[in-house]
Structure formats: C-alpha cells, structure tokens
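Chains as they are written, first to last, in our numbering: chain A, 701 to 929; chain B, 701 to 929; chain C, 701 to 929; chain D, 701 to 929; chain E, 701 to 929; chain F, 701 to 929.
The set of hints was computed from the structure by calculation and includes no laboratory data.
A portion of the hints provided could be inaccurate.
Identical copies look the same in the list; a pair holds intra-copy or inter-copy alike.
As the list claims (entries may be wrong) - Under the rule of at most 16 Å between Cα atoms (straight-line distance), these lysine to aspartate or glutamate pairs were calculated in the EDC-like manner:
1. K920 with D791
2. K920 with D771
3. K726 with D705
4. K920 with E890
Number of protein chains: 6
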Amino acid sequence: MKNIDIALINPNSTTSMTRKCAEAGKTVAGPGTVVTGLNPAASPASIQGYYDVAAATMPMLELIKANQGKDAFIIACFDDTGLDAARCITDKPVIGIGEAAFHMASLISCKFSVITTLRRSVPGIENNLRSYGLDRRCARVRASEVPVLDLEKGTPEVMAKLHREIEAAIEEDQAEAIVLGCAGMVALMEELQSRYGLPVIDGVTAAVTLAEAAVRYGLKTSKIGGYAG
Amino acid sequence: MKNIDIALINPNSTTSMTRKCAEAGKTVAGPGTVVTGLNPAASPASIQGYYDVAAATMPMLELIKANQGKDAFIIACFDDTGLDAARCITDKPVIGIGEAAFHMASLISCKFSVITTLRRSVPGIENNLRSYGLDRRCARVRASEVPVLDLEKGTPEVMAKLHREIEAAIEEDQAEAIVLGCAGMVALMEELQSRYGLPVIDGVTAAVTLAEAAVRYGLKTSKIGGYAG
Amino acid sequence: MKNIDIALINPNSTTSMTRKCAEAGKTVAGPGTVVTGLNPAASPASIQGYYDVAAATMPMLELIKANQGKDAFIIACFDDTGLDAARCITDKPVIGIGEAAFHMASLISCKFSVITTLRRSVPGIENNLRSYGLDRRCARVRASEVPVLDLEKGTPEVMAKLHREIEAAIEEDQAEAIVLGCAGMVALMEELQSRYGLPVIDGVTAAVTLAEAAVRYGLKTSKIGGYAG
Amino acid sequence: MKNIDIALINPNSTTSMTRKCAEAGKTVAGPGTVVTGLNPAASPASIQGYYDVAAATMPMLELIKANQGKDAFIIACFDDTGLDAARCITDKPVIGIGEAAFHMASLISCKFSVITTLRRSVPGIENNLRSYGLDRRCARVRASEVPVLDLEKGTPEVMAKLHREIEAAIEEDQAEAIVLGCAGMVALMEELQSRYGLPVIDGVTAAVTLAEAAVRYGLKTSKIGGYAG
Amino acid sequence: MKNIDIALINPNSTTSMTRKCAEAGKTVAGPGTVVTGLNPAASPASIQGYYDVAAATMPMLELIKANQGKDAFIIACFDDTGLDAARCITDKPVIGIGEAAFHMASLISCKFSVITTLRRSVPGIENNLRSYGLDRRCARVRASEVPVLDLEKGTPEVMAKLHREIEAAIEEDQAEAIVLGCAGMVALMEELQSRYGLPVIDGVTAAVTLAEAAVRYGLKTSKIGGYAG
Amino acid sequence: MKNIDIALINPNSTTSMTRKCAEAGKTVAGPGTVVTGLNPAASPASIQGYYDVAAATMPMLELIKANQGKDAFIIACFDDTGLDAARCITDKPVIGIGEAAFHMASLISCKFSVITTLRRSVPGIENNLRSYGLDRRCARVRASEVPVLDLEKGTPEVMAKLHREIEAAIEEDQAEAIVLGCAGMVALMEELQSRYGLPVIDGVTAAVTLAEAAVRYGLKTSKIGGYAG
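Chain A extracted, bound-state conformation (with noise of 0.2 Å):
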C-alpha cells in the first residue's frame, strides 16, 4: 500500500507553530502516513480577525500550488484560511482545522462549543460553522480573550481564562464537547479532556486523520461547480 504523503501548511509565518502542528499530526498518523509541516516566509504572525485571513490567503494558497505531489491538504488555522479557493487550485482532498474538528465533534456529541482566542475572531468561525452546516449542532464559540501567541506560553492567567470558558460551556450552553477554536491549543487537549470528563477536539489531528481518511477513500474534489478550475 502507498505512503500517504500529506502537507500541513499553517498560514501564519510562526515556525514554531508549524513545527508543533506537524508533530501533533505525527502522533496520529497512521502507519506510512507522512506529515509534512510548512509555512510561507511572508504572512502575519498570527492570524486574529478577517484581516489577517485575507493577507494570508495568497501566501498559503502559493504554498498548495508549489506542492501539487502532495496527497492531501490541511489548512492549519482555525478560521478555515483561504478554504474554499484552495480548493479551486488542486482536485486533491483540503481539509481545515476547524471544519475537521467541527465534523469530529459532530460524531460523539449532540452539540458542542468552540473556545477560541480573541472576540474578533468569532464572527469569522461563527460564518463558516454556518456555510458548512454545523451551526446547527455548535452551542457557542466563546472568545477567551487569550491571543494566539500567548497560548504557548500556558501561564496559570491562561490556563484560568480557558477554564472558566469551558466550566461555562458546559454549564451553561449544555455543550457535550468542547472544540478548541486554534492551531496553538493543540498541546492543551488531554489535561483539559481529563480534567472536564468530556471529549475536547483538537482540529489539528482531527484534520490529520480525516485527510488519511480522504486519501484512502481516494476522495477528490468537485470541479463542475463552485471549485471549478
């Protein structure tokens, strides 16, 4: 059976948080799955609200086009950066990160709600849970306040902040998982999933073993519509 060859490309140009994406993929892949993390020179730090989407969507979108071998691609940031173009330049499977873990979170529970980073990063997540449908099953993406590039850091101010919206979630929203709504989170999932008791997605790995799931099923993308050529 062929190697399943699949490039991870986080748009923003932290390399740190590629390199952390890409091992976090790893520990899922299955066997003969290669992960390849990548990121363009050029593109905003982090990406918080619908400007920092827009300037790195071409920079991404130049990333898939120079790796057209590829077998899969995953887009490693929340807000599902440059999705649906990315589809119109390749008939390969593109995943992201936030509709991954949307549609894993649909599997095992009724509804769910996003934790993400910063309020203005909601109305974007908020638009493509509804273009994709899964509004319907998401109680609240709630904003942290926590910016992106503090995630790492893990501070005890941190960890507070994304307890308290998760206790929310749960209490107050009825939510019956928890999405974590950024690519940073991703080395959070097992303590805050063993602490709460109840599944917390990472779309990071979520996209990883979706996209293997794709290229198995020998998935391609539509081209007699909207992600037309």
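Given chain A, put chains B, C, D, E and F in place with the hints provided.
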C-alpha cells in the same frame, strides 16, 4: 502500532449485503485495520422507511452490546438506523454510513444531492440531514424508485433510473457531488463517477475510513448529555 | 353521533403512570369519547434518553397492531417514542404527547419553554421540535434533573427544582407559556398555572383533545410518502 | 358537560361565504358544540393580499369584542387575518383557519403543499408559515390563479386549474397531503381527496375541531408577553 | 436635479412625536430633500404590541393614499406598522424605520441587538426580523420596560434602564452595534454612542437617508406578486 | 453641507469596467457627491469564483489603505470581494455591490432572484446571502453562463441567455424583482426593466446611493468585534 478492529453492522438480515459491504470496506481500510461484517439474524430483509428502521434497531443494538471489544462501530444502513441509541451504549465511535457520506461530500463539494431507493425513505433521510445540519449542503434527496434488493441485480432498467436521477441532480439541483443513498449501491460508485465526471460518494467505504480516523484520533463518545449511558 | 375510541399508549411499563395518564385524559374528553390506557408488559420502567426510546418502540408498535379497531392512538411519552414508525402501520391519527403539547402551546403564546426531566432527554426533544418546525416557537428546553419516577412523589425538593426552572424560563427565556416535558407531570399543571399566572401545558390532556379533533375532522394518515405501509 | 360556543368569524363581508363556512363547521362539531357564523358588514368582499388583510382586520376585531361571551373564536380567512391582534383582546382561544390546516396537516404527513387562490396571496401565507415554524413541513405554496369568488362557481376551468396544481404538488413537491388555501374551497375537500388518494385538508373544519379541543382542554391565551392586553 | 419629497408618517396620533421625528429626519436629509411629518388624527397615542399595530394600520394607509404625489414614504414606528399593505397601494418606495435600522446596522456590524420599550412589543419585532431575514444578524431583542411616552421624559430612571440593557447587549449578546427600537429614542442616539463607543442606530434618520437612496436610485415597488395593487 | 467623497473600487484590473461603473454611479449620485473609480493594477482581469476573489482581495485592500481620506468605499464586484476584511481597516462605511443590491431588492419585493455569470460564482454568492440573512428573500441564484467579459459585448446570444434566466425566475421562482449579479451588467438594467415590467436591480448604482445614505447618516463601522482594527 495497534491494529484497528472495526465492527461493520448491517442492521438488516440479508447476509449477502453484509458480505459485500464488508468487502467494500476492506478495499479502503488502512494497514492493520480489520473490518468484520455482522448482521442480526432476526431483522427485516431490507430497511425501507420508518417502520423497518424501528424493527431493525434493537437487533442492531444487541450486536453492539455483544461486541464491546471492537474499536469502532459502523451502522451500514443509509438511514443511520438507531445511531443515537447506539451512542448511549458504548463510548467507542459509532458512525452511520449516511452520516459518513454526508460529511465526506461536504469536504469536496459546495452542495450534493442524494439518490436513494424508494420515496418512503426520503423523509427519514431528510430528518437525519437536518439533525446533522448537513441539509445546508444537500441540494435534494431523490428517490430512484429502485427497491433495495433490486439494486444487486443492476439490470439496464435499474441503471436507467439511477442515471436519470443523477442527471437531474446535476442539471436541476446544481449538485457538485452525488451521494449514493443505500448500502446496496457500493458497487456502482466507480462506474458512475467515471460516467459523470464528478465525485460519487458511497457511505460504506466513507464510514470505514472515517471510523479509522476517529480511532486513530482517540475519539470517544461524550457521556455527559444525550449519549449518557 | 358515533363514539370516539382512543387508545392512550404509555410506552413504558409502569402501570401506575398509565393509569394516571388515562384518568387525566378522561377529564378532558368530550361526551361519547372513550379513553383506554394501555402499556406494554416488557418495556423500560421509564424512558429517559435515546436508548430507552429505542427499547420501548417495538413493544409500543405491537400494541397499535393489536388495537387496530381504535379510532386514534396517543403515544403517552414526551419524546414521542416511535411516532413516525407508528404512522406507517395505521391510517388512523397517531398523536404524540410532546407533539400535542407543542402544537397547543403554539396556539396561545408567541414562545414557550419546555421543562423536562433529565439532561439526557433534552437532545431528543430538541430533535423532535426541529422536525416538527416548532423549535421556532420554543425558547428553550430545560432539564429539571428530576427523574421521571421521582415526579410522582412531588416532594418539596422536586417542586423547588421545577419552580426554579419555570422562573428562569419566564425571566431569561421570555417564555409566555410552559410545556411540561413528561407524562408524569400531568398532575402538576393546575397548581403551576395558578402559581405563575401563565398557561402551563400538559401533553397527555392536549393529545386527548387533539386526537378527538382529528377523528371528528376525519383525518387519515397519508400513505403516499414517508408513512406508506 | 357545558356546551361549547364557537364564534366563526369570516373577516370578509360576503355572507354566502360565511354561511357555507358555518355549515361546514357544523358537520364536524361534536355533540353540544354551537358554531355561529359572523362577518363584518363593512369589510372587503374577498381578502386577497396584504391590503385586504389590513382593511379587514379592525372590523373582524370589533366582532370579537362584541362577542366576548363566546368560548373560542375562529378567524375564517386562510391568511389568518389579524390573528396576533385578536389574541391581545381576549384570553379565549383564537384559531386561524390557515394555522389550523397547517397544524392538522403536520399530524398526518411528512410534508404538505398549499393550493391557494392568487399569486398575490402567496407571500403572506409564506410569512405565516414561517412565523408558526410550519414552513419546515410545507413543501410549497402554490397559486392556482382562481380568484376567491370564482371558487364558488366550480366551473370545469376552475377545477382544471386546481387539479393541475395538486398534481404538480404530488409529483414535483413530493407533497404527502394538500392544504386548501382558501375558506371558499371547503366544499371541494372530499372530492379532491378521493380523486387523488391523499389527505386534503380544509382549514374551516380543521379550526372548528381544534377550537373544540382548545376549549375542552381549558386553554387560555397567555397574557404575559406579545398577547398582553 | 429634482427635489426629493418624503412623507414621514408617524402612525400614532402623538403630534409631538411626529414633530421630533421630522426634525431628526431633516438633520440628515441631503440638499434638496424635503421631509414632511404627518400623523393620523384618529389612531392610538402610542403603538405597543399587536393590537395597537392593527388599530394604527388603516389610518396610516389613508395618509399614504392622500399623499400619492410624494416621492417616498416612511413609516415612523419601529414595528413597521402596515408596511406590506402600504406597498400594495403605491409603487413609490415605502420604508419602515425598524427595517431601515436593521439594514443599516447590518452594514457596519457583524451582529447587533435591539433595545425596545415593552416586552409586549418584542414578538412583533422578532417576527419582522425573521421576515426580512435580518434575525440572522440580530443577537437579541431586549425590552427596557420603558413605555414609549416615558422616553420623552428621559429621567435618570429611564436612562438607567436603557444603560442596563445596552451593557447586557455588549457583554452577553456580543452585540457590536445597538439598534434603538422606538421612534421616541431618536434624541438619545448621540449620547449613547459616545458613552459606549459603538454604533447606535436610530431608525428615523436611517429611514430618511435610505428613502433618499431609493428615490435617487429610481427604485419602484414590484407589482407582480405580494405587492400587486 | 460638505461634499461626499466616495471611492468606488473595482477589485479587478479591467479599467474599462471601472470607468463604466464610475459613470453609472455618477448618474445616481446626489448633488455634492463625488464618485471616483479606482482599480488595482495587479489583479485578475475578471473575478469568477473563489480563487479570483482570493487573488483580488489584498490589491483591493491596498487601495482602501491608500485612500483613507474618502468618506465611503464601494467594492464594485458582485461577490463582495474582501468585504469583511475591508471593514477591519477603516471605520468609514464599506459597501459591497452584491450586498447593496440584495438590501435594495428587499425593500421593494417579497422575493427576488439573482442572475449572475458562471455557475462557479453561484456558491460564493449563496454564501454571502446566507451571511447577510438575505437568502430568506432570495428565491434563487441563477447562472446565465455568460462570462463577465462577454457581457460588454451584449450580442444577441448573450441577451438571449439573460432573457431565458429572467423568464425562468419570474415563472419558476416566483421572483418579484431581478438582481443583476455582475458589475458588468449595469448598462442592461433599464432595458430589462421595461421589457419585463418588474424592478431590475443593479448593484453599482444601489451601492452609490446606499453609501451616500450611510455617510449622510453618520454611520461608522463598529470596532468592538469582528471588525476591530
């Protein structure tokens, strides 16, 4: 790396269908994945409409109870027979083939249409789509008026009915992908795909790769809400 | 004018609950209407969540089959156990008590909230509301965390929990009416109504009057689509 | 048991229509129920579109005020003229015939289509369906282009137009039941039902049985929100 | 360039409110635009809830009929009294102030909350939002429990109630803009805007500029469907 | 009264289209309004589908940054290229021509259909409608299969394709107004309007009058949520 052991449960009692589904599933399974086809002895011969779903639910649930050691369960009937109830009796991932097909189709098309068997099955499928939220991505659920057990025969009349609906889906519904709405259609996927030049999604193989993804990811069914044991 | 003969089927096996439901039903039935309480012998003692619904469905359907001479059937469990399947095996009207309560509440309030038993029952009720379309009129489904069989006891603790949720429904949800989300709550309707000065709707009595209406009207279940036999 | 005294108010000023509606209502009323047909003297001769609705509203409301002793009120125009306002001036149940037909149709079919008179009436009916939530169960609202007052004539041309729309509803909309979208169609119900072998719902008779149900149940309009006096 | 002649119709009979609305409208009108305030003599003094809307509709429509020479009509009551009916009797643009405010707020915020007067007005506003589709952009409609005619007084108690709701809208609803849900609030816009640092939208001035836009554009009301004369 | 200075930005690089849009805009602008047409030098020649939108976004945003002194910005491409991102870099009103056309059409029709260029543009337009909420008022988005740059030619073949879709919109969709789904269609508005006797809405002129309205009103983009700078 540990093997993945998947129970593929056909909720109807037609063993030839179970065998074909399991064979199809094996063609997409990754290295180290075992797919075991199972079906209840006492259950309707085919599942068409709400009453058959009700009659097949408890026998299917008994098979899950009797196979708790498996890593994941697939419910291989397109109406996702008893899916919510199944999630109450195990914390392993449980994937319906209708659900799997809808999620996969959402990853590679802006909208898809479903071609199923009889008109009587349409409202149940529409209800499922609405519950998953994926009605937003589904242009239309179409009945071919081919009964489940006639699909195996694949006569020219059967194929003509399927072709007519697929063509209408592309033209009238502006569908960008086709979901085959019956486990019995798994053998037709490739032929239809190459005939029409757009992705044709089969639920059985979609579910096998999705179940592998869920296991590899470490996904557990939430136990704090609707799926509490 | 011919008598109207209604089978009121409690899908669980707790006969004291069946008796209370039938008695409540009789208090609202018109002249010449006979209400007969029935329940399966082998069925869960109470129905809380998706698994219990699955377990209670076939026994309930057997009772409909065994009573085909009745003029209408009521399914006296708030999650409308097996309602769609029931409509496939008779052309007589079949009314669920959840459904009946939602329709009645829609006639006299702009929005209503539902107070049910356990959190695990909420997603199924929400799914039903969505399927009927009446989620548009439902502000929220609230779990009181009182188990079905404790409702009969009516202890001060039980009442306090119900009061708390009703008060929250009026204040937070802006509910204009309350739907009692369990057949076991039928005895509480009047007291709560006078305590809070707003309509409190019970499904059992709602269903009896609605079933009479359907019979008087001459309503038959459609047999050309989802409910074809 | 006390008699039930229902005021059936035709909001237009065509007394022949009032008489026919009241007669139809009496055929389904239970023992001890009195149905009194009323209409304003100064009101449009027929109600077709938003302006007629506006013109007919206050005269209809005056009739409710002048008949406060009745047990329930029916607004016998398919666009449910002034229904929300009517609920502000009485705590007795007020039922619109459009509303009644939609609720009844929801009880016996997965989806229904409405056949009404002129295209100009369609948006108002669609707005009502959306407000009630029952657009989820309505496949389509179809205009037959037969004006209200021509319905009484029942010429072959009139019948041909109705037949064409019903056939389209069954084939194209996959409707499982037909709702007749005008009080003037009440006499056609039986003939159409037997011609097409599916339930054909008339609002007038539906509303009478629903009003009886509401009274028997003891239903009162909520006075703490949108219907406060 | 021809002058633009706008009739600003306050559907209630409180002339001081009409005068204030017209004055507010003039402050935003472009060069060459004339805004004439009008109100019916016989109409409710304020419009709070569905019954008042019904009572004010025909008097308002009479004013439109009596002023057919105007270039555009504004209905200066936040519940958009009789808006659909008004569009049936003229092909000039007719703009409701609720509608105008919702459209404007949609242009500069991802989501907004509405602060209106009494709880009884909330369901009608919610119905309008749903009919326009702009409920998708509205986080919540909040009642301040300040009656319309108390707004003019602007006492500290009145202001405190408004402040409380605006603060809740920003914190709880994540509103990015506030819509003032009553024509009587027009004088408060600037003060609230500078106090809270977010856009505060008033419907009267929004409608005047929108009516100018519609006239300048040459917009005519469609006459082939719901607004046919 | 101060002049209003509007930047009309065509995000593609076809200057003849920019010139035509600006000229069309000037025909509806009020006294004292200046409309300046701008386009990026390096951008796709036309924008058809998601990839072109991505490629045109940053060049368009650069033009906004370089023209911060303007009073309002119009994005003159029917897919509202980069609209959300644009609102993050200015607090002046930013109006998309698709958005403007949808809002205008909502003011004068119960439902409208959109006629756009290629099928590949349809999903993006549908996504925008859903995000604005105005999908509720849009009956259907139709592709004429006329490429953007062929529209200028206006050959009989081009016109025949547009006519066919407009006729289908009126008959099949029950559309009451037509929205022209491409900036290049601005010259066709009047002819189509008089041919079909219903409002035909062009986005460019709609946006100019809406931008004037926003400026006259004093509208500022909110800076506390999704559009924070």
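For K920 and D791, with the copy left unspecified, which applies at a CA distance of at most 16 Å: within, between, both, or neither? Only inside one copy: K920 and D791 sit 5 Å apart there, 31 Å across copies, limit 16 Å.
For K920 vs D771, is the C-alpha pair at or below 16 Å within one copy, between two copies, both, or neither? within (10 Å within a copy, 28 Å between copies)
Up to 16 Å CA-CA - E890 versus K920, copy category: between (33 Å within a copy, 12 Å between copies)
Since the copies are identical, ignore which copy is meant and state whether K726 and D705 lie within 16 Å (CA to CA) inside a copy, between copies, both or neither. Result: close within a single copy only, 12 Å intra versus 21 Å inter.
The structure meets every hint from the earlier list without exception.
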